[in-house]
Amino acid sequence: TQLLEQSPQFLSIQEGENLTVYCNSSSVFSSLQWYRQEPGEGPVLLVTVVTGGEVKKLKRLTFQFGDARKDSSLHITAAQPGDTGLYLCAPYSYYGGSQGNLIFGKGTKLSVKP
Amino acid sequence: DTGVSQDPRHKITKRGQNVTFRCDPISEHNRLYWYRQTLGQGPEFLTYFQNEAQLEKSRLLSDRFSAERPKGSFSTLEIQRTEQGDSAMYLCASSREESYGYTFGSGTRLTVV
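Protein chains in written order, with the working numbering: chain U, 358 to 471; chain V, 372 to 484.
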């Protein structure tokens, strides 16, 4: 069973601050996705990263896939209250894990206060 | 494209009753997934279909749970003899292939009393 850890579990910041959340595992991933989930709704896909070392930007969000494809980070610049939600990393693993489905971490619950 | 639809949004049932949830995926998506999410946790994989074939089932899916996708379109998830531990959000998602992003529905919130 692969272990997937997201940190921090909870993060409460003021509007305008920067933050970084992390997703780590001992397993190598073929690709990894980040989702954001609001209360009472399903997760919404933000980005897919595939290549080790890859960096993708989505407005104020910057996603990075580790060189060894075992970890990823999400950096938010100048956070806004609309960024509030549960951020989930979800890798695909074809190196001993189950195939054909995403494995989700517990997520980082972000609260951005105005 | 109306997204992934799940019905009902909320279900309250008494322990021991059977419940059935429905998921209508995006029409051109051939893969359909069921996940379960409890408070403070990320979604946990239950099962998935490629077209009408159920290709994988998690060990979380006890023999009280059954899922079908008879014509490769909509899917149903049935829980028999519900237990309080079955209380959770049941999420359905669909995708074109495994490497594409999933589109999730809004989920069915099940409460077993």
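Hint data in this document are derived by calculation from the structure and do not stem from the laboratory. Keep in mind that a hint or two might mislead.
[To be verified] Derived coverage of chain U by chain V (criterion: at least 3 residues anywhere in the stretch with Cβ under 8 Å from a Cβ of chain V; other residues may be distant):
#, segment
1, 394-402
2, 423-433
[What the hints assert, rightly or not] Short, incomplete list of chain U residues facing chain V, as computed with Cβ under 8 Å:
#, residue
3, V385
4, Q437
5, T441
6, N458
Small disclaimer: the values here were computed from a predicted structure and weren't measured. Even for Gly, the Cβ is constructed at its ideal location relative to N, Cα and C.
Structure-based check of all given hints:
1. 394-402: holds (count 6)
2. 423-433: violated (count 0)
3. V385: violated (16 Å)
4. Q437: violated (23 Å)
5. T441: violated (16 Å)
6. N458: Cβ of U/N458 sits 5 Å from chain V, so the hint holds.
Violated hints, in rising order: 2, 3, 4, 5; the structure is consistent with all others.
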